[in-house]
Structure formats: C-alpha cells, structure tokens
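Asker: Here is how the chains run, residue by residue.
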Amino acid sequence: MLTMTGVCALISVSVLFFILGYLVYHGGTSISWNFFTKLPAPVGETGGGMANAIIGSGKLLLLATLFGVPIGFFGAIYLAEFSGGTTAFVVRYAADLLNGVPSIVIGIFAYSLAVLPFKHFSTLAGGFALGLMMIPITLRSTEEFLRSVPKALREAAMALGASKWKTITSVIVPAAYRGILTAILLAFARVAGETAPLLFTAFGNRFWSNGWNQPTASLPAMIYTYAIAPYDDWHRQAWAAGLVLLGLILIINIVARAILSRGIAVPRA
Amino acid sequence: MATTTTTVPSASPVAGSRSFLSRLREGDEIARMITFLFAASVVLVTLLLVFELWQGSVLARHKFGFSFFRTSVWDPIFDQFGALPFIYGTLVTAGVSLVIAVPLGIGAAIFLAELAPARLSDALEFFIDLLAAVPSVIYGLLGVFIVVPLMRDYLQPALKNTLGFLPLFQGPAYGIGFLTAGIVLAIMVIPYIISVSREVLLSVPRDQREAALSLGSTRWEATWKVVVPFARGGIMGSIFLALARALGETMAVTMVIGNNPIVSASLFSPGYSIAAVIANELTEATSDLHYQSLIELGLVLFILTFVLNGLARLLIVATSQRGAGMGNA
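Protein chains in written order, with my numbering: chain A, 1 to 269; chain B, 1001 to 1329.
Everything labelled a hint here was simulated from the structure, so no lab data went into it.
Just some of the chain A residues that point at chain B, by a computed CB distance under 7 Å: (1) MET1; (2) LEU2; (3) SER12; (4) VAL13; (5) LEU16; (6) ILE77; (7) VAL91; (8) PHE109; (9) ILE223; (10) GLY242.
Derived CB-CB ranges, DEER-like: (11) A:ARG262 to B:GLU1221: 38 to 46 Å; (12) B:PHE1306 to A:ARG262: 32 to 40 Å; (13) A:TYR25 to B:GLY1095: 26 to 34 Å.
The structure displayed is predicted, hence computed values, not measured ones.
Ideal Cβ placement from N, Cα and C applies to all residues, glycine included.
Please put together the full structure from these sequences, using the hints given.
Answerer: In structure tokens:
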C-alpha cells in the first residue's frame, strides 16, 4: 500500500512535466519572432503574431497592480498594526470571502460595475477585475509577514522614541519586505493567467488598443479564442501563446519562492 | 509660561496616554485613518459584490422562484429560463473530478508527509505548488488538444467495451462531455488536495505515530489507522476546497464540456456548466430577464463556493489546532 502512495505522488508530479514538455514541444515549434512583433493576421490568412495581446496583458496587469496592491498592502498594515479584534475579523473575513469567489463571478461584478454603465468594454474595466482578485492575496500574505516581524524590533524602535508610523515605515516594513514582495509577485502571477473575468471586461481586440478606454487583447483570452477556433494556424499560435504565458508565470513563481527562501533578513535576538 | 497645572500632553512619556492631537501631529492618527480606509474598502467591495449579485438577479428570482432550479428549458427567444442542465453539469463534472482526484491526491499527500525523506518531500511540494499556479486556460488548451482526442479514440471506446452495460458509459464517443471535463478538473484540483492534506498530515503530533508503532503496528497501519484518522477533518477540508474550485472553474470546462444544455445519465454526453454558460452568454444576453437569469446563476455559484470554502477553513483550522494542542501537551 505504501508504494501505491508513491505511485500517486509520481503520477501527480509527472503531470507537471508532461504539461511543460508538451507546451515546450508544441509552443517551441510554433513560436517565432513574428509572434512577438506582429498583429494578428486577418481571419483566413496565416502568419501574424500577438504583439497587441502581449502589450494588452502588460497594461491590464499594470492597472491591476496599481489598483490591487495598495489596497492589499495598506489594508494589511491596518490589520497587523492598528486594528482591534472585531474590525480585523471583519476585514479578514471579507478578504477570505473575496478570495474564494470564482473568477467568473468577479467577471460578472466587474461587468455590471465597470462596463455596463459606460456601455463599452475597456482596458480599465479589465484592470479593475484583475485588481480585485489581487487584493485578498496581497492582503492576507502581507499581514502574515508583518506579524512575523519579531516584537523586539517594534519595541526597540518605540523605545527610541519613534512614533508608531515611523516604526512601521522604517523598521517593520523593511524587515518584512522579502515576504511582502513574494506575496505581491504571487498575486501578480495568479491574475496573469486569469481569463474568465477578461471575457466580459477587456473583451478582446484584433488591433492595437489605444489608451485605456478601449477593449484590448490579452494573452489568456487570445489562447481561449484561438484554441476553440477551427484553424490550424490559430492552434499553433495558441500553443505559442500558452508557452509564453506559462513560462512567465512559472518564472515569477520560482523567483518569488527564491526571494522568500533566502529568509526574512531580521536578526532574531 | 511654566504653569503649575497638569502636564502638557505631548510631554507624557507613556505612549498610551498621549492625546489625540499629539498622535495626530506625529502622523499616527493619520496613518491609522488612511490604512483604515484601505482596509474598509476591502469590506465595502465584498459587500458591493454580494449586493450586485442579489440586486442584479431580482427579476429572475421573482419571475421563476424555485422552478428556476427544477426546469431545464433555456430559451432566450421566449424568455424561459431553467437552470437544471447547468446545475447538473456543474455537479456531475465536479463529482467526476473528485472521484479521480481524491484517491490520487490523498495518496500522494500520504507519501509526501509520511514516507518521503524531507528533502524529496519539499522538492515535490515545490513542483506541486507550481502545478497549482498553472492558469486554467492552459489546462483548457491541453484538454482540447490532448485529452479530447485521447478520450475519443482510446478511453471512451475502451470504457464502452468493458463497462458499457452501465448507463454511465453509453452513447457515442464524441471526446467532449462530462467525463472529459471531469478529468481535466481532476488534474487541476489534485495540487490543492495534495498541498493542504500534506500540511495537515505533517501537523499530526509525532507521539501518535510512535505510540502506534510501539504497539506493534506496521508502518502502513500506523499511517492509515492512526495518522490519517487524526487528520481526517483537515483532509475533508482540502476536499471541500478542491470541490469549491471545481464548481467555479470556467475556462477549462467551457473548452471541453461541449456547451450543450443536456441532462443525461451518460458521462460521454456533452453538457454545460454554470460557469460556462455565464462565460458564453453574459455579454450577449438578449433581454433583461436573460441577463438577470445569468446573474442568478452567478449568485448560486457564489453561495455554493462561499459555503464550501467556509466549511473547509473551519475543518482545516480545527484539525491543525488539535495537532498543535496535542503536540504541546
């Protein structure tokens, strides 16, 4: 029986290598310089690339980070440093609730809040939807890392006459910065691959999206559209896009874990 | 200037007794208020989300009532909406995924927590965490191009030839359908089950194992009859988490389930799920009632995942605290 459990572990982990191998094989043969520099070709023609989707994803993620990270970060400071029991419980509960909401429901919410009133899809709405998903992840992990800063450090700063705010900005946050950075990176990686909320908000676009107020293409949504389309050339491009997206997400994940595993640089006296 | 009255507030050496004004000057009170605004906005957004779902589905809820969940006509032209096929599809695919993922995931977790050397266990856990980070659209991509052809050409014919007498495995093998969606979901949720179950198993106090071993039980008996029952609650929690994830999953399911509102006993049949119909129809809803029916489906999904996540968290926390409590004793 014990060997059976080993087999289970082997099967589960080998799935990852299978996914990676297959993506590298299929994506690698279809990826080309054009993929990064050209717009999608008109329907029916072969060739073209996904330059607009790559830039679009970048813009969406920038907006999401600008929206989600400050709320998560400052909210976590409030939870870890200022709040009393009841408020903290309510905020934590709300964050956990938000974290568990399926991404499609986040999509409905963003659609009714940021698309319907303006009567058009936009990059802003997409960034809003992704940012919403970043809040709970950033908040909960940042709070954990702030709390893990040794009490002695706080007391030392206070004893030197620093105000509470001064203590937070110059002692506690710097001491926990590795953890906080990891939390933000993981939140970023998680929303980078989100597709469902983007279908209703950023929608999609086969051309460049100018400014922030137009629908925009994004890598995950392009993968979806191209994978279910009937053209072989589109399938190849979907594989290439999948490889780029997964590569990006796995690299961010590995970097985040590497930052964390070097430990929180705090002398534990 | 120096009077005999009580001390000037800012000169007070004790932080707790400093006046509001002095704390304001040092920035503490401002910082508290600003960070409070950010924290409060999290609560506000969450409340707004619930409100939007509730308010946005009011037409559909009043018009159809509970028959919304019992009827299976989904006809935007005549404004008739029944959600049964979607609910059925969601539950069936999630059920299939658990049937596959639970034994595999728990087996792997037992291996990682009980058997594997710590370094191997950590290394494998690292890969499993990476697996959990793979976005669902990538699973969908692999589902469409690998799982669907495999199902159509090999697995479904094989199942038909061996277990074809069961109503579950009858009908033409399209490749797409409940079974395929369930398998793709299983691959997606296994990392969650492994990760959480491993944590919970590792939190089981050492004496439990040693006591069982010292009574002469084999390693397997100690694991299966002592450690696993001890961690039962947390393992259930990991399964609920996985179930919540499977119910709410959109992209991968939409790509392989076939998007056809059918209630069929056969797992080979194409179907539809709640998340998939929202993804496909929300932006193209033809009438208010259509749009609101979709939002009501979103509300159903929200409530389901809310309850499951809550239960899961309770179970996991209770189990690890039990472990910690015994460990200290």
